[in-house]
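Enquirer: Letter by letter, the sequence shown follows residues 59 to 420 of this note's numbering.
Hints may contain errors.
[Stated by the list, open to error] Under the rule of at most 25 Å between Cα atoms (straight-line distance), these lysine-lysine pairs were calculated in the DSS-like manner:
| # | residue 1 | residue 2 |
| --- | --- | --- |
| 1 | K304 | K260 |
| 2 | K301 | K252 |
| 3 | K287 | K260 |
| 4 | K252 | K287 |
| 5 | K287 | K301 |
| 6 | K260 | K288 |
| 7 | K288 | K301 |
| 8 | K252 | K399 |
I should point out that these hints are in silico values taken from the structure, not numbers from a laboratory.
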Amino acid sequence: MVLMKHVVVDISAHGFGHVAQTAAVLNALPEIEQLTIRTRAANEKTLCERLHRPFRLMEAELDTGMIMRDALTVDVEATMDWYREFHSNYQERRASAARQLERLQPDCLLSNVPYLSLDAAGMLGIPNVGLCSLNWADIFLSYCQNEKGSAEIHNQMVHAYEQCDLFLQPTPSMPMDFIPRRKAIAPVARVGQKRPLKSLVKNDAARFILVGVGGVALDGFPLHQWPRKKNVYWIWPDSILQKAPKRADFLAQSLLEQHMSYIDLLASSDLVITKTGYGTQTEAVVNQVPAICINRPDWPEHACLQEWHNDYGHVLFCDWSDLVSTIADIGNSLLDCEWNKPLVFPSGAQEAASILQRDYLS
Numbered sequence: 059m060v061l062m063k064h065v066v067v068d069i070s071a072h073g074f075g076h077v078a079q080t081a082a083v084l085n086a087l088p089e090i091e092q093l094t095i096r097t098r099a100a101n102e103k104t105l106c107e108r109l110h111r112p113f114r115l116m117e118a119e120l121d122t123g124m125i126m127r128d129a130l131t132v133d134v135e136a137t138m139d140w141y142r143e144f145h146s147n148y149q150e151r152r153a154s155a156a157r158q159l160e161r162l163q164p165d166c167l168l169s170n171v172p173y174l175s176l177d178a179a180g181m182l183g184i185p186n187v188g189l190c191s192l193n194w195a196d197i198f199l200s201y202c203q204n205e206k207g208s209a210e211i212h213n214q215m216v217h218a219y220e221q222c223d224l225f226l227q228p229t230p231s232m233p234m235d236f237i238p239r240r241k242a243i244a245p246v247a248r249v250g251q252k253r254p255l256k257s258l259v260k261n262d263a264a265r266f267i268l269v270g271v272g273g274v275a276l277d278g279f280p281l282h283q284w285p286r287k288k289n290v291y292w293i294w295p296d297s298i299l300q301k302a303p304k305r306a307d308f309l310a311q312s313l314l315e316q317h318m319s320y321i322d323l324l325a326s327s328d329l330v331i332t333k334t335g336y337g338t339q340t341e342a343v344v345n346q347v348p349a350i351c352i353n354r355p356d357w358p359e360h361a362c363l364q365e366w367h368n369d370y371g372h373v374l375f376c377d378w379s380d381l382v383s384t385i386a387d388i389g390n391s392l393l394d395c396e397w398n399k400p401l402v403f404p405s406g407a408q409e410a411a412s413i414l415q416r417d418y419l420s
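With the hints as constraints, model all of the structure from the sequences given.
Expert: This is how it looks when you write it as structure tokens:
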């Protein structure tokens, strides 16, 4: 059955994880007549790699999330400056967003997770759904609550999120108790196909560790001090490897992605090194790949992600400053561990798509 509907999808500008979550849900929907995506998080080429259906892309300044100094550190001052400017004329901004949305005439708005969009849709009575494991009101409050003017800004953000008809929370997610109409769903994560990597290095005893640190760059890896382990090969993002000494055990991610997709590469690895973040942590678990996870204790998602990852995956958490020593000491404990955790079925995208189809697009 073809649903002749127009869906507008707004995606947060903060990192690539919001794109990944949203694309999985959109790919699970049946055919729709018109799909408009508004974001600054990814260009059309990147979206086409993730999204398996036609869409129209529009650039829109809907949010910024948090402004980062690097992949682990929020720039609180710059973030607060951005929010002060964004909210200095918030009522006018919301009215303008409502006019823009009205011109698009959507049957439904899906937001991951700009609050301005939900506020505008609420003004117009347009059916709207939030989708994310976090919300920017809680994140903002965690970092900026002691900054001048933050209370009023936070109140406006909370009010905006309260307007959504439904907020879908992929497991694991922040509690979000202030959002009245919310629903937990299963994890939204891709399952890859395990492929043999040993033939690529002509070493039958080879083990592969993928360094997957997410969409915001994490600079400063101590590559000149990086441990060497017998028969272990390290798969690095190309941007990091450009600064590395030439070593036979250092492999470029792009080299392996000539043979397989990224999710297949992750599923085929013996271990992944990542940082606190929904995407790689959930994908490591559902693909049964052990992980070393760099702590981000100040990031509000950290506690729920850590608890869930410990419950359902084999993972070792460490601070950034202890990464090299942690890797040097792991031996074969994580590389050779027998997976004995409960199975996790990442059916969240299908759940979300079924809810959207049944309640908002039929």
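Enquirer: What hint numbers does the structure not satisfy?
Expert: 2
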